[in-house]
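Asker: Fit chain B to the given chain A structure using the hints.
So the protein sequences, as listed, match chains A and B.
FYI, in the numbering used here the residues of the first sequence are 1 to 420.
FYI, in the numbering used here the residues of the second sequence are 1 to 420.
One copy or two, it doesn't matter: identical chains are merged, so the pair holds either way.
Result set (DMTMM-like, lysine to aspartate or glutamate): computed pairs, CA atoms no more than 20 angstroms apart in a straight line:
| # | residue 1 | residue 2 |
| --- | --- | --- |
| 1 | 249 | 260 |
| 2 | 380 | 357 |
| 3 | 223 | 386 |
| 4 | 224 | 332 |
| 5 | 249 | 263 |
Just so you know, these hints were derived from the structure itself, not from any lab.
The structure displayed is predicted, hence computed values, not measured ones.
Number of protein chains: 2
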Amino acid sequence: MKFTRTSIWSAFGFVAATTISTTTNVNAFAPIPANIAINRQNSGTTSTAFTPRSIININTSSNKRMASASPTSLNSYTIGIVGATGAVGKEIRNCLEDRGVIKVDKLRFFGSTRSAGKTVSTKSGDVEIELFDVDAARECDIVFLAVDGDFSLAHAKAISEGDDGAVVIDNSSAFRYEPDIPLVVPEINGECTKNSKLIANPNCTTAIGLMALWPLIKAFGVKKVLMSTYQASSGAGQPGMDELTEGTKKYLEGDMKSHDGIDNEIFAYPLPFNVIPQIDKFMENGYTKEEMKVTWESRKICDLGDDVPISCSAVRIPTIRAHSEVIVLETEKKVDIELARKVLEEAPGVVVKDDPETLTYPMPMTATGSYDVEVGRIRKSLAFGDYGIEFFVCGDQLLRGAALNAVLVAEEMDKNGALA
Amino acid sequence: MKFTRTSIWSAFGFVAATTISTTTNVNAFAPIPANIAINRQNSGTTSTAFTPRSIININTSSNKRMASASPTSLNSYTIGIVGATGAVGKEIRNCLEDRGVIKVDKLRFFGSTRSAGKTVSTKSGDVEIELFDVDAARECDIVFLAVDGDFSLAHAKAISEGDDGAVVIDNSSAFRYEPDIPLVVPEINGECTKNSKLIANPNCTTAIGLMALWPLIKAFGVKKVLMSTYQASSGAGQPGMDELTEGTKKYLEGDMKSHDGIDNEIFAYPLPFNVIPQIDKFMENGYTKEEMKVTWESRKICDLGDDVPISCSAVRIPTIRAHSEVIVLETEKKVDIELARKVLEEAPGVVVKDDPETLTYPMPMTATGSYDVEVGRIRKSLAFGDYGIEFFVCGDQLLRGAALNAVLVAEEMDKNGALA
Chain A
1 MKFTRTSIWS
11 AFGFVAATTI
21 STTTNVNAFA
31 PIPANIAINR
41 QNSGTTSTAF
51 TPRSIININT
61 SSNKRMASAS
71 PTSLNSYTIG
81 IVGATGAVGK
91 EIRNCLEDRG
101 VIKVDKLRFF
111 GSTRSAGKTV
121 STKSGDVEIE
131 LFDVDAAREC
141 DIVFLAVDGD
151 FSLAHAKAIS
161 EGDDGAVVID
171 NSSAFRYEPD
181 IPLVVPEING
191 ECTKNSKLIA
201 NPNCTTAIGL
211 MALWPLIKAF
221 GVKKVLMSTY
231 QASSGAGQPG
241 MDELTEGTKK
251 YLEGDMKSHD
261 GIDNEIFAYP
271 LPFNVIPQID
281 KFMENGYTKE
291 EMKVTWESRK
301 ICDLGDDVPI
311 SCSAVRIPTI
321 RAHSEVIVLE
331 TEKKVDIELA
341 RKVLEEAPGV
351 VVKDDPETLT
361 YPMPMTATGS
371 YDVEVGRIRK
381 SLAFGDYGIE
391 FFVCGDQLLR
401 GAALNAVLVA
411 EEMDKNGALA
Chain B
1 MKFTRTSIWS
11 AFGFVAATTI
21 STTTNVNAFA
31 PIPANIAINR
41 QNSGTTSTAF
51 TPRSIININT
61 SSNKRMASAS
71 PTSLNSYTIG
81 IVGATGAVGK
91 EIRNCLEDRG
101 VIKVDKLRFF
111 GSTRSAGKTV
121 STKSGDVEIE
131 LFDVDAAREC
141 DIVFLAVDGD
151 FSLAHAKAIS
161 EGDDGAVVID
171 NSSAFRYEPD
181 IPLVVPEING
191 ECTKNSKLIA
201 NPNCTTAIGL
211 MALWPLIKAF
221 GVKKVLMSTY
231 QASSGAGQPG
241 MDELTEGTKK
251 YLEGDMKSHD
261 GIDNEIFAYP
271 LPFNVIPQID
281 KFMENGYTKE
291 EMKVTWESRK
301 ICDLGDDVPI
311 SCSAVRIPTI
321 RAHSEVIVLE
331 TEKKVDIELA
341 RKVLEEAPGV
351 VVKDDPETLT
361 YPMPMTATGS
371 YDVEVGRIRK
381 SLAFGDYGIE
391 FFVCGDQLLR
401 GAALNAVLVA
411 EEMDKNGALA
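One chain only, chain A, in its complex shape (with noise of 0.2 angstroms):
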């Protein structure tokens, strides 16, 4: 059975907030990776009560969003979105219309035979979800993936495959360590989606990291980078947040004695009041695959080469979806403090939020909606003297470490030709 029917998107004129007309917020297309989904012993379902804000409604302060920008796209297109109900997919929605760059001629949303049937309200209408197909996706000219990497490695290259299959921007890790195929991040490395069909998107942690390493290596050089990272509930998606959530709650109603009776279905552990010190599972040398992700990733991006030592430790804690990095960038050259607060202040996509008269840092509670990443704290390393800086960074994770830079690789796709 496959839907066909799907209501069109004209343009992007203003800015209005989407719903969702179903509240199925979890489906076999929800970006769960299989190993973060450890402990399903128990069999407790995962209410909605508790959704996240849209950025739609979020008001602050570093608020850079181009939500008035007219489009700028060369041609309209059809966008295509497999895993539009879930959390990724529903702020690449969001980013299409606040950003309004590219110009959408149609748009499509591809489900399982779950959500297929389902009908989601826009702006400009309601859009029935089709069953997925890779035929029907190939009609598309981009489709953003933001399903698990099982569904990706299956079909996005069947997707794209020949001059007349789609750009498919995919969000699962499936292809991004492919030496011929792009891992991008439009602000570092852009010119690298010209000609590629299959571009892959970051890890959250990786892309929200190097917005704001990016511009300090090219200053001054690397030889050295370690990271200690603060994720958020939302890497595991909807589902995650909302087990964070609702345990929270339960944990407040109950006696705070312990975290019996708090259930765990999407984290190894109940998550609300705790740090679980695992994402993704553990590789032979001890660190975990999503550390190993920072380092893979962030050579291949950077084009950095496997001799420079990256090393990670992430960590999640109790938040719901920005995550926190600190930083510690071992430099070839000397650093001068100054010139590094210059030079992110001038990065685009980051915003400088470090002024310790006034209390000014960053923190989920004001990057949460914000497509810029915040920086801060930046500060000449104790540990490596002249020639190491430190400091912190807040990034949305479904936006910059998601949705946003998908969004962002398509609208570069656009500028550079390699969607004509």
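Answerer: Frame of chain A, contents of chain B only:
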């Protein structure tokens, strides 16, 4: 006005929960450093509805508390506690009772005019809080100061000076950096207590981190230490814990779209589902005082010398009372990870929780209420190759980070004759 009536604890025979017959948690002696309480423009009251559990009621797998140990001290002592109803003061009482190592002849609680006259129920009867008075404190053998630095600066030396003064174990930062005053983690430099009547208890983050760092430094030497912290609300005492839990409840009851209306009197910003990359005031070098405490205190306690670089990023996260830390140690000797693990397994006050197969690692959920500091995620560092170890620690901020360490100092002094 001065209250001198106290009840007498003859000895500790068994473990029982102590309860406080007053609901007042905030008083002039509460352990809130003035520079943490930055933002007081909100005048909301701090409720005590969500009182974290006493360690008595906690059941953790790693709990190695010696609850049934018989009194073993050489003598019995009159013990004074200033700030006995604060979060640290309460745990000092609990540690004395639970461990049963120090024989208590008489227990005296001292407070401000606000708490003086109130009665604290203990297993051996009610103890009335006396108005603090230097002469009365001098009548004790050991006085624990669980109050702020200003109080300690004003009174600690007066209590301890002369042959007939009391031994003072001070939890504040007032004397930690005075060359002649020992700063002690008993398992590391307990012998320093022999010739001093005023002992400084270290910063919580430092004490917790050093429990795992010191055995590794002894085994492999140290060239450099980098630390990122995940610090709990208890670092700001009971009011900090209350502000987190009350604020979280309010956030969840609202629309979860912003932190508007979430009070923050104790922390600089609302902590629920947020991260605050600032603890204590900012220094000229861009680090905070909390971060510099880790540098200064680690060097002093481990006698490392001023040339060993130690760099910390201190970050407050929404957890209740256990701190976590990512630590990277650059070593002088080549690292053998199995030896590192063995050294940690044999270290007193440390429990190794490190098994990827069973997803065993340190977490606040398990470290809360435990005397031992949990260490795990032990691995050779990608940043420093054969000459580096990375690991993750979790320790109860109120126990190893404060009360337990202080009580262990008293036990050490009993053993080494410093109390004679």
